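*Asks:* Each chain, written out:
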Amino acid sequence: AQSVTQLGSHVSVSEGALVLLRCNYSSSVPPYLFWYVQYPNQGLQLLLKYTTGATLVKGINGFEAEFKKSETSFHLTKPSAHMSDAAEYFCAVVNQGGKLIFGQGTELSVKP
Amino acid sequence: GAGVSQSPSNKVTEKGKDVELRCDPISGHTALYWYRQSLGQGLEFLIYFQGNSAPDKSGLPSDRFSAERTGGSVSTLTIQRTQQEDSAVYLCASSLGGQGHYNEQFFGPGTRLTVL
Numbered sequence: 001a002q003s004v005t006q007l008g009s010h011v012s013v014s015e016g017a018l019v020l021l022r023c024n025y026s027s028s029v030p031p032y033l034f035w036y037v038q039y040p041n042q043g044l045q046l047l048l049k050y051t052t053g054a055t056l057v058k059g060i061n062g063f064e065a066e067f068k069k070s071e072t073s074f075h076l077t078k079p080s081a082h083m084s085d086a087a088e089y090f091c092a093v094v095n096q097g098g099k100l101i102f103g104q105g106t107e108l109s110v111k112p
Numbered sequence: 001g002a003g004v005s006q007s008p009s010n011k012v013t014e015k016g017k018d019v020e021l022r023c024d025p026i027s028g029h030t031a032l033y034w035y036r037q038s039l040g041q042g043l044e045f046l047i048y049f050q051g052n053s054a055p056d057k058s059g060l061p062s063d064r065f066s067a068e069r070t071g072g073s074v075s076t077l078t079i080q081r082t083q084q085e086d087s088a089v090y091l092c093a094s095s096l097g098g099q100g101h102y103n104e105q106f107f108g109p110g111t112r113l114t115v116l
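Here the protein sequences come in this chain order: H and C. So that you can map any letter, position 22 of the first sequence is 22 in my numbering, and since no number is skipped, the others follow by simple counting. So that you can map any letter, position 49 of the second sequence is 49 in my numbering, and since no number is skipped, the others follow by simple counting.
The set of hints was computed from the structure by calculation and includes no laboratory data. In this text the structure is predicted, and so the values were computed from the model without any measurement.
On the chain C side, residues computed to face chain H include the following (Cβ under 7 Å): (1) F45; (2) Y48; (3) F107; (4) P109.
Output of the computed footprint for chain C on chain H, the stretches with three or more beta carbons under 8 Å from beta carbons of chain C: (5) 36 to 44; (6) 98 to 104.
Even glycine gets a Cβ: it sits at the ideal position worked out from N, Cα and C.
Extracted from the complex, chain H is given alone in its bound form (with noise of 0.2 Å):
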């Protein structure tokens, strides 16, 4: 069965600081992995993925993660934060039946 964990509930940064947000996940099966943003109020959506091939992902708002495999790791990063970046961050791992199994959440904060 698969799971996923994040380290850090809550994570707060300044503005212009490096954004590191992390994820560890257990898969039986080669992972499909995502990241996905929750502003206030609102659905989550797509930051990235990883499916296959190269392991350094980028997405959108200057996000990116790289698939580590033998450290099962999919660490989310963005070199400087913005402001806008404030939400909620989970990491989620697709299971053989396409259902989505989420982190418990990493709450970004960033402060002027």
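Assemble the complex: chain H is given as a structure, and chain C must be docked to it using the hints.
*Replies:* Relative to the frame of chain H, chain C by itself:
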């Protein structure tokens, strides 16, 4: 084009009442999913429809929960005899579906259910 829409956006009900939540998927999407987002449980899968196949109901938490999808399009999630622990945001998603590969799921804005 239009995204996934859900109605109502907010629903307040009394314990013991039945509620119906509606989801309109993106036109042409054959797969439809319901998820629940609550403080204690995070985001969890409820039910999945793919075309005319029997739905995957493995995530429904109790027999008070049911869902149907009429004509392969609109879906209704019904919760009977609501309990306070049913309070959550109910999210619907749709995708192109298909077997053997993953298609991106597009999410609606959710219905916030509050059971008093």
